[in-house]
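Based on these hints, arrange chain B on the given structure of chain A.
Chain order of the listed sequences is A and B.
Start counting the first sequence at 1; every next residue gets the next number (my numbering).
Start counting the second sequence at 1; every next residue gets the next number (my numbering).
Think of the hints as simulated: they come from the structure by calculation, not from any bench.
Glycine residues also receive a C-beta, built at the ideal position from the N, C-alpha and C atoms.
Fair warning: there could be bad hints in the mix.
[Unchecked claim] In silico DSS-like cross-links for lysine-lysine, where the CA-CA straight-line distance does not exceed 30 Å:
(1) B:Lys-129 to A:Lys-273
(2) B:Lys-129 to B:Lys-198
(3) A:Lys-52 to B:Lys-129
(4) B:Lys-194 to B:Lys-155
(5) B:Lys-198 to B:Lys-263
(6) B:Lys-129 to A:Lys-48
(7) A:Lys-48 to B:Lys-155
(8) B:Lys-129 to B:Lys-193
(9) B:Lys-129 to B:Lys-155
(10) B:Lys-155 to B:Lys-193
(11) B:Lys-193 to B:Lys-263
(12) A:Lys-52 to B:Lys-193
[What the hints assert, rightly or not] Derived DEER-like restraints, expressed as beta-carbon distance ranges:
(13) A:Ser-247 to B:His-156: 53 to 63 Å
(14) B:Gly-392 to A:Glu-19: 58 to 68 Å
(15) B:Asp-151 to A:Ala-26: 38 to 48 Å
(16) A:Ile-56 to B:Ala-205: 27 to 37 Å
(17) B:Lys-155 to A:Val-265: 40 to 50 Å
(18) A:Ala-26 to B:Val-374: 52 to 62 Å
(19) A:Glu-115 to B:Ile-285: 51 to 61 Å
(20) B:Arg-148 to A:Ile-49: 19 to 29 Å
(21) B:Lys-155 to A:Asn-22: 38 to 48 Å
(22) B:Asp-138 to A:Gly-250: 56 to 66 Å
(23) B:Arg-9 to A:Gly-250: 36 to 46 Å
(24) B:His-156 to A:Asp-280: 27 to 37 Å
(25) A:Val-265 to B:Arg-130: 30 to 40 Å
(26) B:Gly-224 to A:Glu-19: 49 to 59 Å
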Amino acid sequence: MTAAPAAPLSSEQPILRIEPPNRWWAPALDELWTHRELAYFFVWRDVKIRYKQTLIGAGWAVLQPFLAMLVFTLLGRSAGLPSDSSPYPLFYYSALLPWMYFATSLQNATNTMVENQRVITKVYFPRLVLPLSAVLSGLVDFSISLLMFVAMMVYYRVPPSPALLWLPFFLLLAVCTALGFGLWLGALNAIYRDVRYVVPFLIEFWMLVSVVIPGSHVPAKWRWAYELNPMAGVIEGFRWSLMRNGSLPGRSILVSTVLVLIVLVTGWAYFQKMETTIADVA
Amino acid sequence: MSQSVIEVRGIGKRYRIGEREPYMALRDVLANALRTPFRRCPRRPTEHVWAVRDVSFDVCQGEVVGLIGRNGAGKSTLLKLLSRITRPTEGYAEVRGRVGSLLEVGTGFHPELTGRENVYLSGAILGMKRLEIARKFDEIVAFAGVERFIDTALKHYSSGMQMRLAFAVAAHLEPEILLIDEVLAVGDLEFQKKCLGKMEEVSHAGRTIIFVSHNATAVTRLCGRCILLRSGIVDRDGPANEIIGAYIRSGLHTSACREWDLKDAPGDDIVRLRCVRVRSAEGNIAEAFDIRNPIAVDVAFEVLEGGQMLVPNLHFFNDEGTNLFISIDTDPIWRRRERPSGRYVSTVFIPGNFLAEGTIVVGAAITTLAPMSVRLEERDAIAFQVVDSMDGDSARGDYAGLLPGAVRPLLRWETSYEPDCPADNVFVEPRPQKELHGP
Chain A
1 MTAAPAAPLS SEQPILRIEP PNRWWAPALD ELWTHRELAY FFVWRDVKIR
51 YKQTLIGAGW AVLQPFLAML VFTLLGRSAG LPSDSSPYPL FYYSALLPWM
101 YFATSLQNAT NTMVENQRVI TKVYFPRLVL PLSAVLSGLV DFSISLLMFV
151 AMMVYYRVPP SPALLWLPFF LLLAVCTALG FGLWLGALNA IYRDVRYVVP
201 FLIEFWMLVS VVIPGSHVPA KWRWAYELNP MAGVIEGFRW SLMRNGSLPG
251 RSILVSTVLV LIVLVTGWAY FQKMETTIAD VA
Chain B
1 MSQSVIEVRG IGKRYRIGER EPYMALRDVL ANALRTPFRR CPRRPTEHVW
51 AVRDVSFDVC QGEVVGLIGR NGAGKSTLLK LLSRITRPTE GYAEVRGRVG
101 SLLEVGTGFH PELTGRENVY LSGAILGMKR LEIARKFDEI VAFAGVERFI
151 DTALKHYSSG MQMRLAFAVA AHLEPEILLI DEVLAVGDLE FQKKCLGKME
201 EVSHAGRTII FVSHNATAVT RLCGRCILLR SGIVDRDGPA NEIIGAYIRS
251 GLHTSACREW DLKDAPGDDI VRLRCVRVRS AEGNIAEAFD IRNPIAVDVA
301 FEVLEGGQML VPNLHFFNDE GTNLFISIDT DPIWRRRERP SGRYVSTVFI
351 PGNFLAEGTI VVGAAITTLA PMSVRLEERD AIAFQVVDSM DGDSARGDYA
401 GLLPGAVRPL LRWETSYEPD CPADNVFVEP RPQKELHGP
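So here's chain A without its partners, still in its complex pose (with noise of 0.2 Å):
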């Protein structure tokens, strides 16, 4: 067995400048492209490690948002909490799955960077890998779920709409708003380790105010407010697209997008400009 030859370098092969970094940012968007498996890698192994050695595997990812759901008609039906005309259980499933992604891969992205602090001192990728794929992996998770959903409707006798097309672009919705927002808490983790801890605060009162009170409920005078949570337009999208009741929630989505863009490219910005420091730091 012996090593193949190297292949003899002609004047084409690129060449690579490291230097100090520069003050102007710039998406490093080829080198993510030529990473790509490695993502894949990245999200692999989170997905086969979550559920190697328990009891149920993959079928936490159906009972957690199936469990909430339960919590939420019993709790909806004795306090009488608005359901918009549809059954209880499905209402409230439809908001907790994207919730749900949201969540778990918000909680992921903000640990990531620390966690695979091993690998980052060790290795070059482009950093930006971690947070993707801790983005993507919740996406698996959110498939099953989503079964289960179609299981529901299925069960309660709900017909699909045409609406249902617009199931994609809410999702991706989802991911962006999980991606912005991960990577600010993911590069700010890195630097102030307590960020983690505040993290499920954070999404507790976030569900309050994005799962328990649908948007048609909320008083005319607040709904500005309303409307500033990024979630509320995924939220109302997913459930205007999987039930079909009301008309398309357009101003909250419009809202929710223009949020959502600017979270993902400001928090973009900040973390390649955090992570040439965070090596040193880690």
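Here is chain B on its own, set in the frame of chain A:
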């Protein structure tokens, strides 16, 4: 004419040090802000240290360059800069070709995944494409010798197996440029030999290698050229054996004789070390000695305050840092006797045909025994070479190749011979050789 694949120009890396925590807690930042809202705190001057400063060199394709220096000289930082793990503060480097860096063994390994899964994961992290890993998978597993366990979780592997697998993955990385950081410092002798062999193979295949190590033997064996870093700057750059010789001598401030003035002599108010030197039994100070000849090491010290029982001791190391032995002064005249103040010279005699070939580094210490306390310690005080002139009467016998071993004593061997092999007993009382053939 090979073109340069690595061009480094004036590269430098500065770190902030001082009381700053490596990472901060937001609550501390806020608490500090609350504590002093109105008081204008004088800004604590942030201290900086340059781990690497103004380093420039070129490496041509196919060169194997050793990067040596003491701990803290900046070797790992330079490698991290070239691996893009950290960005330089100033200067730049240009690299032509794919870079693979081995800064540790087992990057990315996860104990819950199986060996197979870890090979793919680690390979991907190190930069291999999935198809490439699939193609080389069987080779990798064979190199590590873990075929039977490849589908068991990694946490069930012994540490030796984990390391072999990790190295096997890394060894099959085929970048044009390979940066290796003291990876060979781990593992047993067998494994280290295997790694060395694989690296030699890689260099013969035309790849460029930069190899950081403390192991002078490995560096001499693999590298044609050596760069010596000292406190972040390039001290020397040239042919390997020259640089390594200079490193051993200058980097360790060593020669065959070392003296101190009283004011900077190691020690305390009781005793001060004045001189350590190595000489032949007859008294000639030299840097190299024949392996067959006895050697003497003198330790000269001054006792300033009498009344203690002081025990000089010498520590002998080889160039890999292995402790060969420690010799404690058991001279019966001064043993268990309080020493009055004055000038002492303690000498230890090392018999010939005992030390192995190579560099021997000597450290000196003086200890009191009751209570046990080390009065002074001077590591790397002196160094000398032990050379075998291969005349045939050393412990080598007729063997001329690389002979490992921390020590090389010349021992007595005896043989007995019996022309007819007895059926059962191997150790039947045969006649010893000298009876047959005479002296």
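Hints and how they fare:
With a CA separation close to 28 Å, the supplied pair Lys-129 of chain B and Lys-273 of chain A stays within the 30 Å bound. With a C-alpha separation of about 21 Å, the suggested pairing of Lys-129 of chain B with Lys-198 of chain B holds against the 30 Å cut-off. Distance restraint check for Lys-52 of chain A and Lys-129 of chain B: the Cα-Cα separation of roughly 25 Å lies within the 30 Å cut-off, and the hinted pair is therefore satisfied. Under the criterion of a C-alpha separation no larger than 30 Å, the hint pairing Lys-194 of chain B with Lys-155 of chain B is consistent with the structure, at around 24 Å.
With a C-alpha separation of about 51 Å, the suggested pairing of Lys-198 of chain B with Lys-263 of chain B is violated against the 30 Å cut-off. The suggested pairing of Lys-129 of chain B with Lys-48 of chain A holds, with an alpha-carbon distance near 20 Å, which does not exceed 30 Å. Distance restraint check for Lys-48 of chain A and Lys-155 of chain B: the Cα-Cα separation of roughly 15 Å lies within the 30 Å cut-off, and the hinted pair is therefore satisfied. For the hint linking Lys-129 of chain B to Lys-193 of chain B, the alpha-carbon distance of about 28 Å falls within 30 Å, and the restraint holds.
As the CA atoms of Lys-129 of chain B and Lys-155 of chain B are separated by approximately 25 Å, the hinted pair is consistent with the 30 Å bound. In summary, the hint linking Lys-155 of chain B to Lys-193 of chain B is supported, as the alpha carbons are separated by about 25 Å, within the 30 Å threshold. For the hint linking Lys-193 of chain B to Lys-263 of chain B, the alpha-carbon distance of about 47 Å lies beyond 30 Å, and the restraint is violated. A C-alpha spacing of about 37 Å is found between Lys-52 of chain A and Lys-193 of chain B, which places the hinted pair above 30 Å, so the restraint is violated.
Taking the beta carbon of each, Ser-247 of chain A and His-156 of chain B are about 58 Å apart, inside 53 to 63 Å as hinted. Evaluation of the 58 to 68 Å hint for Gly-392 of chain B and Glu-19 of chain A yields a pass: the beta carbon distance comes to about 59 Å. A C-beta distance of roughly 44 Å is found between Asp-151 of chain B and Ala-26 of chain A, which places it inside the suggested range of 38 to 48 Å. Separated by about 50 Å at the C-beta atoms, Ile-56 of chain A and Ala-205 of chain B break the suggested range of 27 to 37 Å.
For Lys-155 of chain B and Val-265 of chain A, the Cβ-Cβ distance of about 42 Å falls inside the hinted range of 40 to 50 Å, so the restraint holds. Judged by the Cβ atoms, the range 52 to 62 Å given for Ala-26 of chain A and Val-374 of chain B holds: they are separated by roughly 58 Å. In this structure the hint that Glu-115 of chain A and Ile-285 of chain B lie 51 to 61 Å apart at CB holds, the actual value being about 58 Å. Remark: the range hint 19 to 29 Å for Arg-148 of chain B to Ile-49 of chain A is upheld by a beta-carbon distance near 24 Å.
The given range of 38 to 48 Å is respected by Lys-155 of chain B and Asn-22 of chain A, whose C-beta atoms sit roughly 43 Å from each other. Between Asp-138 of chain B and Gly-250 of chain A, the C-beta spacing of about 58 Å keeps the proposed range 56 to 66 Å intact. Hint check: Arg-9 of chain B to Gly-250 of chain A, Cβ distance near 57 Å, so the stated range 36 to 46 Å is violated. At roughly 36 Å, the beta carbons of His-156 of chain B and Asp-280 of chain A sit within the given window of 27 to 37 Å.
Range check, Val-265 of chain A to Arg-130 of chain B: about 31 Å between beta-carbon atoms, so the 30 to 40 Å window is met. As the Cβ distance of Gly-224 of chain B to Glu-19 of chain A is approximately 29 Å, the hint placing it in 49 to 59 Å is violated.
Hints 5, 11, 12, 16, 23 and 26 from the list above are not met by this structure, while the remaining hints are.
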